[in-house]
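There are 2 protein chains.
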Amino acid sequence: MTSDLEVQDSSGVPAALSGRIVISVDAMGGDRGADAVVAGMAESAAKNPDIGFILHGPKADLEPLVAKRKLTERCVIRDAGDVVTMDEKPSHVMRRGKGTSMWSTIESVRNGEAAVAVSCGNTGALMAISMVRLRKLPGVDRPAIACLWPSLNANGFSVMLDVGADIRADQRDLMQYALMGSAYARDGLGIERPRLGLLNVGTEEHKGRAELKIAYDLIETASRRADFDFHGFVEGGDIPGGEVDVIVTDGFTGNVALKTAEGTASLIRTFLSEAFKHTPLSRVAALLAMTSLRRLSKRIDPRRNNGGVFLGLNGTVVKSHGSSDATGVSSAIKLAFKLSESRFNDRLAARLSELGEADTDTQDRSATDA
Amino acid sequence: MTSDLEVQDSSGVPAALSGRIVISVDAMGGDRGADAVVAGMAESAAKNPDIGFILHGPKADLEPLVAKRKLTERCVIRDAGDVVTMDEKPSHVMRRGKGTSMWSTIESVRNGEAAVAVSCGNTGALMAISMVRLRKLPGVDRPAIACLWPSLNANGFSVMLDVGADIRADQRDLMQYALMGSAYARDGLGIERPRLGLLNVGTEEHKGRAELKIAYDLIETASRRADFDFHGFVEGGDIPGGEVDVIVTDGFTGNVALKTAEGTASLIRTFLSEAFKHTPLSRVAALLAMTSLRRLSKRIDPRRNNGGVFLGLNGTVVKSHGSSDATGVSSAIKLAFKLSESRFNDRLAARLSELGEADTDTQDRSATDA
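Those protein sequences? They're chains A and B, same order as listed.
In this text, residue positions in the first sequence follow UniProt numbering: the first is 1, and each later residue adds one.
In this text, residue positions in the second sequence follow UniProt numbering: the first is 1, and each later residue adds one.
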C-alpha cells in the first residue's frame with residue numbers, strides 16, 4: 001500500500017496527498033519521541049481537512065503509530081533509521097547525517113514535495129542541514145531564526161529575529177531581517193501592516209553602535225516601499241511591550257534576550273509557587289487560583305510559541321521546541337500550514353529580489369552621479 | 001549652626017560628621033522629589049547609628065525636610081540650586097552642570113569628604129559627571145555599571161555588569177569587569193567566593209564571538225590569582241538561574257538583557273492580574289492571594305534592586321532607581337554604607353594594580369623571550 005502512495009503527481013507531491021497542502025515532518029529528535037509528534041499531527045489533521053504529511057523516521061516504528069492515529073490516508077512515511085541527537089555538533093551531523101530523519105525531512109522541501117518542514121530536533125544541526133541543502137534565497141547573506149514572543153500587542157505575540165542563526169549581522173543583514181520579519185508577521189500571524197523596531201540600548205537616534213545607525217537609515221528607506229511601519233529604535237522592554245510587532249536584532253543579542261526572558265519567566269514561576277506555599281491562607285488561594293495560574297502559564301509557555309522559523313532559505317523550516325508535546329507539535333504544524341498556504345516563501349523571495357534590483361538601481365545612479 | 005558643621009577634620013570630613021561613615025546624597029533628580037530622598041535617609045539613620053550624610057540641593061527647600069526628619073545632627077547640607085532633569089543629554093549637563101545637585105554630590109566624593117555617592121537622577125548624566133570628575137582607576141579602560149538581579153542563588157541576587165556604561169567592551173575590559181564584579185559581589189553582597197560566568201550564546205567553548213574566547217582565557221588565568229570561581233560561558237537563562245553569582249558582558253548586551261527582563265516581569269504582572277480578573281472565583285482567589293502576590297512583587301521589583309553601581313572610578317557611585325521611594329533610597333544608602341565600610345574601592349584599586357603589574361611582568365617576560 002505504501003508503494004501506491006509513492007506515485008507522484010506532476011508537482012512531485014505523492015499522489016495520495018494530491019490536492020492537500022503537504023508538510024514534511026521529522027518524527028524524531030524531540031524530547032518526547034515520535035509518539036508526541038504523530039499525536040500532534042493527528043490533532044492538526046482533525047481540525048484541518050486540507051493538510052497532508054510526509055513523515056520521516058524509522059518506518060517500522062512509525063507505521064503502527066500512524067495507523068493508531070488513523071493517519072494512514074493522509075501520511076506518507078519515508079524510512080530514515082538514524083536520528084540526530086540533541087547534543088550532537090552540527091559539523092558532525094553534516095558529515096554523517098544523510099541517513100537521518102532530519103536530513104530526509106529537509107530533502108522533501110528541497111525536491112518540492114513539501115513547502116515547509118517541521119522538526120523538534122537539534123537547532124544547530126537543523127540550521128546547518130537547511131543551509132547546505134536548501135541554500136540561501138538570492139540576495140540573502142545570512143538566514144535568520146525568527147521566534148514568537150508573548151506580547152501586549154493586539155495579536156498577543158510579536159516576532160523577533162535573529163535569535164541565533166548567526167552571531168553577527170551587519171547593516172544590510174539587519175535590513176533584510178526587517179523584510180523577512182515583517183513578511184513573516186503578515187503571512188504567519190496575519191498582521192496586515194506590522195510595526196517594526198530596531199533593537200538598541202536607547203531610543204534616541206544618537207545612541208548605539210555605528211552599524212545600527214546605518215541599518216536605521218536602510219530600514220527607513222526600505223519601509224517606504226514595503227508594507228510595514230518603521231518605529232525606529234526600540235529597547236529590550238519593548239520586545240514584550242506591545243508598541244511594535246516585529247523586533248530586529250543580531251543573533252547574539254537576540255539569543256541572549258530570548259534566553260534571559262525565558263529565565264525570567266521561569267524565575268517568576270518559581271517565586272510565585274513559593275509565595276503561594278508560604279501560609280495556609282495562600283495555599284487555599286493557590287487552589288482557587290489554579291485555573292488562573294494555568295491560563296497564565298499557557299500564555300508564557302515557550303513550548304506553545306513554536307520555537308522558531310528559519311527565514312531566508314529556499315523553503316521554510318519550522319523548528320518546534322525540543323520538549324514540545326502533541327499540542328506544541330500541532331501548533332508548529334498549524335504555523336507551517338499557514339506559511340505554506342500563503343505561499344510565504346515565494347512572496348518573500350519576490351520582495352527580496354525587487355529590493356535587490358532597487359539597490360542595484362541606486363548603486364548605478366550613484367556610480368553615474370560620481 | 002550650619003557654618004559650625006562645615007568645620008572639617010583632618011580627613012576632610014565635616015567635623016559634625018566625624019567618626020561616622022559619610023554618604024554623599026543627591027536630594028534632587030528622582031521622580032518623587034527631595035522628600036522621598038530625605039525620608040529614605042531617615043529610615044537608614046534610624047537603623048544605623050554610624051551613618052552620616054552630606055545632602056546636595058536647594059538649601060532653603062532641604063533645611064525644613066531635614067529638620068522634620070530629625071536629621072539635623074547627622075546631615076550637612078550643600079546648597080546647589082540647579083537640577084539635572086531626566087531627559088537632559090549628558091553632553092549638555094557637562095557644559096552647564098556645575099551648579100547642579102548632581103555635580104555637587106560627586107564633588108564630595110572627589111574631595112574625600114565621602115567615599116560613596118547616591119543619586120536617583122539621570123543615569124547618563126551621572127556617569128558623565130562621575131567619569132570626568134572622579135576619573136578612572138589606574139589600569140581601567142572602561143568603567144562599568146553593575147546591577148543586582150533577582151536570582152535563584154542562595155543570596156537571592158546576582159550581579160551583572162556592564163549594563164550600559166559603554167556599548168563596547170573588548171577582552172581586556174571583560175576581564176576587568178570580572179575583577180570589579182566579583183569584588184562587588186564580595187563586599188556589597190557578602191558572597192565570600194563568587195561564582196562568575198561570561199555571557200555567551202552557547203556554553204560550548206567553540207561558540208560565540210572571537211573576543212569572548214580570548215576573554216574566557218584571560219578571566220580563567222586571572223581567576224587563579226583572584227578569589228572567585230570561573231564557571232566559563234553562561235547563557236541568558238543563567239542570569240537569574242542561580243548557577244553563578246556574577247555575570248560579565250558588554251554594556252550593549254547587558255542593557256538589552258536587563259530591559260528585556262524588566263519588560264518580561266512587567267508583562268507577566270499584567271497577564272497575572274488579567275488572569276485573576278477572569279472569573280468571580282479567580283477574583284476571590286486574588287483577594288486571598290494578595291499578600292503572596294505582594295511578596296512576589298517585592299522580590300522582582302526593580303526599585304528594590306538599587307538601580308546600579310558605577311565601578312572602576314576613583315570613588316563609588318550608587319545610582320538608585322529614578323522612581324525610588326523612601327524604601328528604595330534607604331536600600332541604596334545601605335549598599336553605599338556597606339561598600340564604604342568595607343573600603344571596597346581601595347581594595348578594588350589595589351587588586352587592579354596588582355593585576356596590572358602581573359600583566360606587565362608577563363609582557364616583560366614575553367619581550368625577553370622573543
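Read the hints as simulated data drawn from the structure, not as lab findings.
Where hints are given, some of them may not hold.
Identical chains share a label here; the pair holds if one copy fits it or two copies do between them.
[Said to hold, decoys possible] Heads up, simulated SDA-like pairs for lysine to any residue below, C-alpha to C-alpha not over 20 Å straight-line:
id, residue 1, residue 2
1, K70, R172
2, K89, K213
3, K213, A67
4, K277, M290
5, K136, G322
6, K68, R135
7, K298, R269
8, K298, H278
9, K89, F233
10, K70, A350
11, K298, T279
12, K136, R172
13, K59, E113
Tested hints:
Proximity of K70 and R172 under a CA criterion of 20 Å is satisfied in neither setting, with 48 Å inside one chain copy and 61 Å between copies. In this assembly of identical chains, the alpha carbons of K89 and K213 lie at most 20 Å apart only when taken from different copies (18 Å versus 35 Å within one copy). Taking the closest pair of Cα atoms, K213 and A67 never come within 20 Å of each other, the shortest separation being 56 Å inside a single copy and 51 Å across copies. Both within a single protomer and between protomers do K277 and M290 lie at most 20 Å apart by alpha-carbon distance, with minima of 13 Å and 13 Å respectively.
Taking CA atoms no more than 20 Å apart as the test, K136 paired with G322 passes in neither setting, with 25 Å inside one copy and 47 Å between copies. In this assembly of identical chains, K68 and R135 lie within 20 Å of each other by CA distance neither inside one copy nor across copies; the values are 37 Å within and 73 Å between. Within a single copy, K298 and R269 get their C-alpha atoms as close as 12 Å, and across copies as close as 14 Å, so both meet the 20 Å cut-off. With identical chains, the CA atoms of K298 and H278 are at most 20 Å apart between copies only, with a shortest distance of 15 Å across copies and 24 Å within one.
Taking the closest pair of Cα atoms, K89 and F233 come within 20 Å of each other only across two copies (17 Å); inside a single copy the shortest separation is 35 Å, beyond that limit. Taking the closest pair of Cα atoms, K70 and A350 never come within 20 Å of each other, the shortest separation being 39 Å inside a single copy and 73 Å across copies. Proximity of K298 and T279 under a CA criterion of 20 Å is satisfied inter-copy only: 17 Å between copies versus 26 Å inside one chain copy. Taking the shortest Cα distances, K136 and R172 sit within 20 Å of each other inside one copy (15 Å), while across copies they are farther apart (37 Å).
Within a single copy, K59 and E113 get their C-alpha atoms as close as 19 Å, which meets the 20 Å cut-off; across copies the closest is 79 Å, which misses it.
Hints 1, 3, 5, 6 and 10, counting from the list given before, are not met by this structure.
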